[in-house]
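Enquirer: One letter stands for each residue in the lines below.
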Amino acid sequence: MKLKTALLATALSSAAFAAQAAELTVMSWGGAYEASQIEAYNKPFAAMKGVTVNMVAADNPGTPIAAMVEANNVTIDVADVELSDAVRLCDEGKLEVIDHAALPAGVDGTPAADDFVAGALASECAVANIVWSTVVSYDSSKVTGVTSIADFFDTAKFPGKRGLRKSAKANLEMALMADGVPAAEVYSLLETEEGVARAFAKLDTIKADVVWWEAGAQPPQLLADGEVVMTTGYNGRIFNAAIGEGKPFTILWDGQIMDFDLFVIPKGAPNKDLAMEYVAFATDSQRLADQAKYISYGPARKSSAPLVGLYQDGKTEMAPHMPTSPEALKNALTNDFEFWADRDVELSEKFNAWLLK
Amino acid sequence: MALPIYATPLERVWHKTYLVICALIFLFLIAPILIVIPLSFNAEPYFTFTEKMLSFDPEGYSMRWYDNLLTHGMQFPNVLRDGAWWSDMWNNAQWIRAAKNSVIVGFWATLLATSLGTLAALGLSRPEMPYRKLITAVLLSPMIVPVIITATGLFFFYSNPCSVLGPLEPAGGCGRLTSTYLGVILAHATLGIPFVIITVTATLSSFDKSLSRAAANLGAGPVRTFFKVQLPLITPGVVSGALFAFVTSFDEVVVVLFIGSHEQQTIPRQMWNGIREQISPSILAVATILVIISIALLTVVELLRRRSERMRGLTPQ
Amino acid sequence: MSDTILRTADGKPLKAALMRASAVARRRAFMLVLPLLAFVLITFVVPIGQMLSRSVTNDAFSANMPSVVAWFAANPEGTEPDEAAYAALVVDLVNAANARTIGTVATRINYDVSGTRSLFTSTGRKAKNMEAPFKDAVLAADEEWGDKVVWAAMRNASAAVTTTFYQAATDRKLTDEGVYAKAPEDLRVYLTLFWRTFVLSGAVTLLCLILGFPVAHLLARLPMRISSLLMILVLLPFWTSLLVRTTSWMVLLQEQGILNNMLVYLGILEDNGRLALMYNQTGTIIAMTHILLPFMILPLYSVMKTIPITYTRAARSLGATSWTTFRRIYVPQTIPGIGAGGILVFILAVGYYITPALVGGATGTLISNQIAFHMQDSLNWSLAAALAAMLLAAVLALYWVYDRLVGIDNMKLG
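Protein chains in written order, with our numbering: chain H, 1 to 357; chain W, 1 to 317; chain D, 1 to 414.
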């Protein structure tokens, strides 16, 4: 009996140890966003090249790949990160350089350098794929009359808990905008000590009522539980919960903080050449338009815009739900990646200390 | 637990209250486990009881999460369920892979921990063992040291195991143990060893030494004595230790988070995904299955114990 | 017998023969333990030791800025940075920017002086265009270079071996003069966190004792048939995954969770006066008590099983009330069990990381969460190692106390 178990286990383990065909490992943010990437990029790439594409999830891929490169222990080929992380990691020599000249032109013939939206190719180690934004959202069956970002910080008029990302990013900017600072002045104000203090003071007014989230899938869960009345979240995840699952969640575009997500290749990636091909493929016009079928993130190429159609349910128009729609841009702020690349470490320290009080 | 005849009325009242308190504590222990079972049939992908579920509307319930266990991660989940579908599921479904990994890692880690641990317990229980206290402390340390410290230490060490040799290190290092099955198995074996040591030394302390002396007297060598005399008598302790070691490995998530890659993802690691990145009630389906298996296992163990009691002619108290 | 020395049958002195025999027995016992000892030393003790050594060494600055390090070596502490110092700085910044190591150098200095990361990276970009006189060029690029504390931090970082991380772990920061002093109020976190961890773990241990003692007593006194069935109720949570138990507590204790809904339904609470039992310290305490309760019950149970009932009966027959019997006869006999269970629960609670991460919110997180944060998010591994070393020292001290009082050999798990 014992021998049989041993043999069975050995058989199972050897099956697991068996060599596999060419594989690519991509790391992304999990949940609905990752699902959209699997459908739009991974499956077509796997079919085209005859390789296996594995998807791994993380709360914020920027940090695990930095840890991997530091420990000389890289198992990921491609990662999807925020712009400020891409710039910072590139500065630190943790990413491979990607040749932007080798990227394919748009379907209308525009060369890649012009086809990508301004800022998408800001780092020589990264290529942008989407425009996403951090927005406030609420359950419209429980709360009505929310019109501006200042309402998020107004617990007297809208009592109940708030959800905020457990990070200084986007929270400081939203706090200042709610305090009446015009979008164009936010970052210059945050460069000063007084600006930072003002942002933290505004956050202090709701601190006792905040539930802190870290993973992108948590905000819709918190709203569905009724645990919070309003929460910030990634706009695509909220859209998926609202349209895909029929939840009564509404997005407030006022005060949205837009940012890019980009593909990067960690230094020392095991399948570097295949990774380069993947990045070139996944960021071409058609692919970026395809991902918009599954989630409401804007493509980073201008030539993709006309190719964007309906949501996968076959009836919802995607264009009005994008962060880049005219309605959404009325009081929007684009994340200043240089500011965060420089000040992330210091402001994170302050934020953590503030959290623990 | 009968009250003695001389118990006063106050004592009788207290006794009843005491039983109620114990019942409440048992409820505290078991309630979270029971909650999980109905929640795993939730039709919506959230961790709450919906209106439909609370009013027992059949639409609010579904087996979709159990189905998800089989299909999540498959290449083509929505085709006809023929041989190819099952092969696709066996190779690609994430939960199936997690289950395979958990069993493989658990099995080898338990084997390693139990064999090395039993051997060491034999040595430690001998009265002439030098430095017994110090060595016991070292061997029990994996249980004492907070798991986050163990995980971080292993992360650095496994990334480049030979760096500790200093000048003797071969050029280019000697490979790495992170993201390998061997690394995870070694780490889990290390974590399970203290449990084996504790249970086997406890059993050995009640072992009658004169039996081994009698065996030696009759001409048996030390190895034969161990296998024919000692091992059959300490088997309950060894099995108990092995069980603790297996459960430790099966439920361990922090070390796997740090040193495993997506290939070595075990069931708890997959559950962590299901709580943070994916928020999928499939973890509740897994939990329900595991709870049912545990209950079955525990019941079988209890029935075996009663049977062996009857066979040995002992009256149950 | 002619001589007075005792001898064995083959003529050897008995004493010598005995010594040799016991040496052989000792060696044999040691050989049995050796494989496991070697295994644990290699796969556990060495990695932990290596990690702890990181808490005192960090060569991010000293390895990448050689000219500046050389200047510090040549000039004693207190020397004003002169033209040579700034020249060395520019040379090193240019090289670091090209080799892409400037990020790591800047991060190292940033640990000591907040806000200097951008100083290094931005000056690094401008450094290739600088010409003599370098002092003026650098100060023109950013006047922060004139701050004494920046140079103090750089001097401090030029040695690979440093106590700066232990200082940071006890909330001390570098000042202008190059000495360490308490950090400003709003940056003091770690000592509070250590205190909070120990207090919370103590509370959990006490709660486990209060809840576990009655149950263990019941299980020990009931006949085997019934008690082993009830034991299933204790072992089942023990075997259920930690993550699943934590998730179901989230479902039970949320604002709109089962417990609150039931209390509102029964009219005990108002709808807007719901109890906040989750994402704070209360949630952490309740969830951790539930998870660690079996670790208290099992050792208590195994000790209580061995207490003979005859002592209790004897005391009653001598006229003691049941309370006096319990207090003076029963409880003292359970002390080894209380000690074993208590120390086990406390040590496990102090190291817990998953449960506080999921249900603790911001106020219920413990020191292990900060260690994990520095390991995975901020990548300040030296600080993580320093915090871990302090935690380990506290745990080992407790373990030593336990050994003196009860003895490690006496630990049993049912």
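Don't read these hints as lab results, they were simulated from the structure.
It cannot be assumed that every hint is accurate.
[As the list claims (entries may be wrong)] Subject to a maximum C-alpha distance of 30 Å in a straight line, what follows is the list of computed DSS-like cross-link-like pairs (lysine-lysine):
(1) Lys100/W x Lys161/H
(2) Lys100/W x Lys43/H
(3) Lys207/H x Lys148/D
(4) Lys315/H x Lys43/H
(5) Lys315/H x Lys272/H
(6) Lys350/H x Lys148/D
Just so we're clear, the structure is a prediction, and the values are computed from it rather than from any experiment.
Enquirer: Now tell me if each hint is right for this structure.
Expert: Against the structure, the hints come out as follows:
1. Lys100/W x Lys161/H: Cα-Cα ~42 Å, so violated.
2. Lys100/W x Lys43/H: holds (25 Å)
3. Lys207/H x Lys148/D: violated (36 Å)
4. Lys315/H x Lys43/H: Between Lys315/H and Lys43/H the Cα gap is close to 24 Å, so the pair holds against 30 Å.
5. Lys315/H x Lys272/H: The hint is violated at about 40 Å.
6. Lys350/H x Lys148/D: Since the Cα atoms of Lys350/H and Lys148/D sit roughly 22 Å apart, the hinted pair holds (cutoff 30 Å).
Violated hints for the displayed structure, listed by number in ascending order: 1, 3, 5.
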